[in-house]
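Protein sequence lines correspond, in order, to chains A and B. Residue numbers are given in numbering that gives the first Met the number 0: position 45 of the first sequence equals residue 44, and the series is strictly consecutive. Residue numbers are given in numbering that gives the first Met the number 0: position 4 of the second sequence equals residue 3, and the series is strictly consecutive.
Simulated from the structure, these hints should not be mistaken for laboratory data. Quantities reported herein were computed from a predicted structural model and do not represent experimental measurements. A couple of the hints might just be wrong.
[Claimed, not checked] In silico EDC-like links for lysine to aspartate or glutamate, alpha-carbon gap of 16 Å or less: (1) K89(A) with E42(A); (2) K89(B) with E162(A); (3) K26(A) with D38(A); (4) K24(A) with E69(A); (5) K89(A) with E69(A); (6) K101(B) with E69(A); (7) K158(A) with E185(A); (8) K217(A) with E162(A); (9) K153(A) with E69(A); (10) K127(A) with E91(A); (11) K24(A) with D92(A); (12) K153(A) with E121(A); (13) K45(A) with E32(B); (14) K26(A) with E69(A); (15) K93(B) with E162(A); (16) K89(B) with D38(A); (17) K175(A) with D210(A); (18) K93(B) with D160(A); (19) K94(B) with D203(A); (20) K175(A) with E162(A); (21) K158(A) with E69(A).
[What the hints assert, rightly or not] Short derived list, chain A residues pointing at chain B, Cβ under 8 Å: (22) K48; (23) T50; (24) L52; (25) R53; (26) H54; (27) L58; (28) S62; (29) Q77; (30) S111; (31) D160.
[Said to hold, decoys possible] Computed beta-carbon distance windows for the label pairs: (32) L202(A) with E51(B): 20 to 28 Å; (33) A84(B) with K127(A): 50 to 58 Å; (34) R105(B) with R178(A): 27 to 35 Å; (35) L209(A) with V70(B): 47 to 55 Å.
Note that beta-carbon positions come from the ideal geometry of N, C-alpha and C, so glycine has one too.
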Amino acid sequence: MRIFIVIPAHNEAKRIGAVLADAVKTKLPIVVVDDGSTDKTCEVAKKFKVTLLRHRINLGKGSALKTGCEAAFSMGAQAVVFLDSDGQHKIEDLPKFIRALNTGKYDIVFGSRNLNMGVPIERYVGNKLASILVNLLFNIYVSDLICGYRGLTKRAFQKLDWESTGYGVETETVVKCGRLGLTHCEVPVATVYYDKFKGVSILDALGILLDVFRWRLKR
Amino acid sequence: MILGLQLTAIIFSLVMIYFALIHYKKGQLNGTEILSWIIIWIAAMFVVAFPEILRTYARTFFVTRVFDLMVLGGFILVISLVSAAYVRSKRTEKKLEELVRKLALRDTKKKK
Chain A
0 MRIFIVIPAH NEAKRIGAVL ADAVKTKLPI VVVDDGSTDK TCEVAKKFKV TLLRHRINLG
60 KGSALKTGCE AAFSMGAQAV VFLDSDGQHK IEDLPKFIRA LNTGKYDIVF GSRNLNMGVP
120 IERYVGNKLA SILVNLLFNI YVSDLICGYR GLTKRAFQKL DWESTGYGVE TETVVKCGRL
180 GLTHCEVPVA TVYYDKFKGV SILDALGILL DVFRWRLKR
Chain B
0 MILGLQLTAI IFSLVMIYFA LIHYKKGQLN GTEILSWIII WIAAMFVVAF PEILRTYART
60 FFVTRVFDLM VLGGFILVIS LVSAAYVRSK RTEKKLEELV RKLALRDTKK KK
C-alpha cells in the first residue's frame, strides 16, 4: 500500500525541523501543510524533501489535515498517516500504523496514548470520560479520542468528509467511524508534551463536547 | 421619567439612523438595506413617542403593559438578527475555508 505522511503545522518553526529530519528517514512521501504560520515554519520545512502546501491564513487543524489528505491522495497515496509537527509523536511508532494499514483489514488506525507513555493525569482522565461518552452516544469505543497520530485509507477519507476545521476533527473522525461502520483498530503510541499552552485547551474541549451532542442530534 | 426614557430612545434611534447612513455612504449597505433600517428606526421612534398605538396589540397578545410588549418585540428582533448573523458568518467561514484550501492546492500544482 502506498502510504504518505501528512503533517499539519502552525507556528512550529522551533520543532518541525527535528520532526521532518526523523520523518524523511522513513523514505515515505511527506506532505506538510503550513496552516498560516507567522513564524519561519515554512522556511524550515522547505529545507527538507517534502511537498509543502501553504494556507494563507490559519484555518485550524481539521482544515490543514483535509488539504494535506487531498494533496496526498491526488499524488497517488492509498493511505495516509497523520503526524503532529510539534514532535510529540515518535517516528518509532510509525511502523505500527503501516503494518496495520498494510493488512488491508482496517480503514482507520487510531494511535492510543496511556499513562505510562507520558500523558498528564488530568488529560488522561478527561480523555477517558470523553471516550465513555462517545461510546454511550455513538456505540464506538476508542481509548484515546484526541490522539492526532492516526492512519486512514483513501476510502475512509472519502467517506468521513469531516466538517471540523479545528481540534474537533479527531473526535469527529471517531464519531463518523462509528456511524459509517468503518473498520478500525488501535495501536499504542508514546507521546511527549512540550508545550502547556498549545494543543487542545479547556475551551477547545468544551467546544468539542458541544459538537459531540450536536452530531448526536444530527442523526 | 417616561418622557426621559422616550427622549433617550428617540435620540438613540436618530444616532442609529446616522450610523446606518455612514455605512451606506461607505458602500457597506445597499439601497434596500438602508431603506429598511431607516423604516425600522422611524417606526421605533413613532412607537416610543406614541406608545398608546400598541395598546390594542398588547391586549391581543394578553400582555398587560405596552412597555412589556415593546421589550418582547425587541427580544424577538434581537434574537432573529443574531441567528441571521450567525448563519451568515458560518457561511462566510465555510467559503473562506474552501478558498484558502483551494489556493493552497493550486499553488502546489503550479510549482510542479
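Comparing the hints with the structure gives:
1. A C-alpha spacing of about 23 Å is found between K89(A) and E42(A), which places the hinted pair above 16 Å, so the restraint is violated.
2. Between K89(B) and E162(A), the direct Cα distance comes to roughly 12 Å. Compliance with the 16 Å bound is thereby established for this hinted pair.
3. Under the criterion of a C-alpha separation no larger than 16 Å, the hint pairing K26(A) with D38(A) is inconsistent with the structure, at around 27 Å.
4. Pair hint K24(A) plus E69(A) does not hold up; C-alpha atoms about 23 Å apart against a cutoff of 16 Å.
5. In summary, the hint linking K89(A) to E69(A) is not supported, as the alpha carbons are separated by about 24 Å, beyond the 16 Å threshold.
6. The hinted pair formed by K101(B) and E69(A) meets the criterion: a straight-line CA distance of about 10 Å does not exceed 16 Å.
7. For the hint linking K158(A) to E185(A), the alpha-carbon distance of about 19 Å lies beyond 16 Å, and the restraint is violated.
8. Restraint check for K217(A) and E162(A): the C-alpha separation of about 13 Å stays at or below 16 Å, so the hint holds.
9. With a C-alpha separation of about 9 Å, the suggested pair K153(A) and E69(A) falls inside the 16 Å cut-off, and the hint holds.
10. A threshold of 16 Å between alpha carbons decides the hint, and for K127(A) with E91(A) the separation of about 25 Å lies outside it, so the pair is violated.
11. With a C-alpha separation of about 13 Å, the suggested pairing of K24(A) with D92(A) holds against the 16 Å cut-off.
12. Note on K153(A) and E121(A): the hinted pairing is violated, with a Cα-Cα distance of about 34 Å set against a maximum of 16 Å.
13. Restraint check for K45(A) and E32(B): the C-alpha separation of about 48 Å exceeds 16 Å, so the hint is violated.
14. Restraint check for K26(A) and E69(A): the C-alpha separation of about 20 Å exceeds 16 Å, so the hint is violated.
15. With a C-alpha separation of about 9 Å, the suggested pairing of K93(B) with E162(A) holds against the 16 Å cut-off.
16. Distance restraint check for K89(B) and D38(A): the Cα-Cα separation of roughly 28 Å exceeds the 16 Å cut-off, and the hinted pair is therefore not satisfied.
17. Of the pairs offered as hints, the one joining K175(A) and D210(A) holds, with about 13 Å between alpha carbons and a cut-off of 16 Å not exceeded.
18. For a cut-off of 16 Å, the pair hint linking K93(B) to D160(A) stands: about 14 Å separates their Cα positions.
19. Restraint check for K94(B) and D203(A): the C-alpha separation of about 22 Å exceeds 16 Å, so the hint is violated.
20. A C-alpha spacing of about 11 Å is found between K175(A) and E162(A), which places the hinted pair at or below 16 Å, so the restraint holds.
21. With a C-alpha separation of about 13 Å, the suggested pairing of K158(A) with E69(A) holds against the 16 Å cut-off.
22. At a threshold of 8 Å, the smallest CB-CB gap from K48(A) to chain B is about 14 Å, leaving the interface hint violated.
23. Against a cut-off of 8 Å between C-beta atoms, the interface hint on T50(A) holds, since the closest Cβ of chain B lies about 6 Å away.
24. Annotation: interface hint on L52(A) holds; nearest CB of chain B at approximately 4 Å, less than 8 Å.
25. Hint status for R53(A) relative to chain B: holds, with the closest Cβ pair at about 6 Å, below 8 Å.
26. Because the beta carbon of H54(A) sits about 5 Å from the nearest beta carbon in chain B, less than 8 Å, this interface hint is met.
27. Because the beta carbon of L58(A) sits about 5 Å from the nearest beta carbon in chain B, less than 8 Å, this interface hint is met.
28. The beta carbon of S62(A) is positioned within 8 Å of a beta carbon in chain B (closest approach about 6 Å), and the interface hint is therefore held.
29. Restraint check, Q77(A) versus chain B: the minimum CB separation of about 19 Å is more than 8 Å; hint violated.
30. Checking S111(A) against chain B by beta carbon gives a least distance of about 29 Å; that is not within 8 Å, so the hint is violated.
31. The restraint placing D160(A) at the interface with chain B is violated, with a minimum CB-CB distance near 13 Å, outside the 8 Å limit.
32. Range check, L202(A) to E51(B): about 49 Å between beta-carbon atoms, so the 20 to 28 Å window is missed.
33. Remark: the range hint 50 to 58 Å for A84(B) to K127(A) is contradicted by a beta-carbon distance near 38 Å.
34. A hinted range of 27 to 35 Å for the beta carbons of R105(B) and R178(A) is consistent with their spacing of about 32 Å.
35. A hinted range of 47 to 55 Å is violated for the C-beta pair L209(A) and V70(B), which are about 29 Å apart.
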